[in-house]
Amino acid sequence: EAGVAQSPRYKIIEKRQSVAFWCNPISGHATLYWYQQILGQGPKLLIQFQNNGVVDDSQLPKDRFSAERLKGVDSTLKIQPAKLEDSAVYLCASSFTGASYEQYFGPGTRLTVT
Amino acid sequence: GDSVTQMEGPVTLSEEAFLTINCTYTATGYPSLFWYVQYPGEGLQLLLKATKADDKGSNKGFEATYRKETTSFHLEKGSVQVSDSAVYFCAARGSSASKIIFGSGTRLSIRP
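Going line by line, the protein sequences match chains W and F.
With the working numbering, letter number 52 in the first sequence gets 52, and the count goes up by one each step, no holes.
With the working numbering, letter number 111 in the second sequence gets 1111, and the count goes up by one each step, no holes.
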């Protein structure tokens, strides 16, 4: 079974530029999550999708971050414009349903904003 | 709000040593508790879980017991191996929500 795929693995941009991350969840998983993991901290949920609908985006900085999950499969997370404090690893995870205990994580995208 | 506090690292042990990584939680109700592991260059993986008080989760020689009276879920292993070197995250999910709250992680290094 293929795992959660993310790209790119690394990205370096200057502040005020924009960036987009892509995630392909495990086939058949209805729930998709984006997390932000700042160095030395645990992952923090940014947004949760159930199919192509948003379940929780309470911690998403909506003035600069946006995410979509068209057709309930792949998802993109965008930052525009980026700030220095956005430097982090962005993790995508998926689960069979929102009530599933186990979330399957991708390898993450390491973003550096200079 | 809900929170998870775990032992700061890094933790360095010799092979075959006994491991304990402390974790305590603050949550209303009866959360489910988890340990996730992140091996170098890989994504987080669920290591073990416990969903109610006094449950013991176990996997790959690791164990953790859900202690409601002390709000703890400490991770233990009797004899660690070099391959156990990784970052370990304690996590909790409240009974009324699906959001997982992670601790800050503990980096474990095992010397041969």
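If you're looking for bench data, these hints aren't it; they were derived computationally from the structure.
Every residue gets a Cβ at the ideal spot worked out from N, C-alpha and C, and that includes glycine.
A portion of the hints provided could be inaccurate.
[Said to hold, decoys possible] The list that follows gives simulated cross-link-like pairs (lysine-lysine, BS3-like), each with its CA atoms no further than 27 angstroms apart:
#1 F:K1052 - W:K83
#2 W:K62 - W:K11
#3 W:K71 - W:K44
#4 F:K1068 - W:K78
#5 F:K1077 - F:K1052
#6 W:K62 - W:K83
#7 W:K15 - W:K71
#8 F:K1056 - F:K1068
#9 F:K1099 - W:K83
#10 W:K83 - W:K44
#11 F:K1099 - W:K71
#12 W:K62 - F:K1052
#13 F:K1049 - W:K15
#14 F:K1099 - W:K78
#15 F:K1052 - F:K1099
#16 W:K44 - F:K1056
#17 W:K78 - W:K11
#18 W:K62 - F:K1056
[As the list claims (entries may be wrong)] Listing some non-contacts, in silico: residues in chain F with all C-beta distances to chain W over 10 angstroms:
#19 S1014
#20 E1042
#21 K1049
#22 T1051
#23 A1053
#24 V1082
#25 G1103
#26 G1105
#27 R1111
Hints versus structure:
1. F:K1052 - W:K83: Cα-Cα ~41 angstroms, so violated.
2. W:K62 - W:K11: The given pair, whose Cα atoms are some 21 angstroms apart, holds under the 27 angstroms limit.
3. W:K71 - W:K44: Between K71 (chain W) and K44 (chain W) the Cα gap is close to 25 angstroms, so the pair holds against 27 angstroms.
4. F:K1068 - W:K78: 40 angstroms, violated
5. F:K1077 - F:K1052: With a Cα-Cα distance of about 21 angstroms, the restraint between K1077 (chain F) and K1052 (chain F) holds, given a limit of 27 angstroms.
6. W:K62 - W:K83: 14 angstroms, holds
7. W:K15 - W:K71: At roughly 31 angstroms apart (the allowed maximum being 27 angstroms), K71 (chain W) and K15 (chain W) break the hint.
8. F:K1056 - F:K1068: 12 angstroms, holds
9. F:K1099 - W:K83: Roughly 26 angstroms separates the two Cα atoms, so the pair holds.
10. W:K83 - W:K44: 18 angstroms, holds
11. F:K1099 - W:K71: Cα-Cα ~23 angstroms, so holds.
12. W:K62 - F:K1052: The given pair, whose Cα atoms are some 36 angstroms apart, is violated under the 27 angstroms limit.
13. F:K1049 - W:K15: The given pair, whose Cα atoms are some 40 angstroms apart, is violated under the 27 angstroms limit.
14. F:K1099 - W:K78: 21 angstroms, holds
15. F:K1052 - F:K1099: 17 angstroms, holds
16. W:K44 - F:K1056: The given pair, whose Cα atoms are some 26 angstroms apart, holds under the 27 angstroms limit.
17. W:K78 - W:K11: 13 angstroms, holds
18. W:K62 - F:K1056: 40 angstroms, violated
19. S1014: 25 angstroms, holds
20. E1042: 6 angstroms, violated
21. K1049: Its Cβ does come within 10 angstroms of chain W, the nearest being 6 angstroms, so this is violated.
22. T1051: Its Cβ does come within 10 angstroms of chain W, the nearest being 7 angstroms, so this is violated.
23. A1053: Nearest chain W Cβ is 16 angstroms from A1053 (chain F), so the label holds.
24. V1082: Correct as stated: the minimum Cβ-Cβ distance to chain W is 22 angstroms, above 10 angstroms.
25. G1103: 5 angstroms, violated
26. G1105: 6 angstroms, violated
27. R1111: Since the minimum Cβ distance to chain W is about 23 angstroms, R1111 (chain F) lies beyond 10 angstroms and the statement holds.
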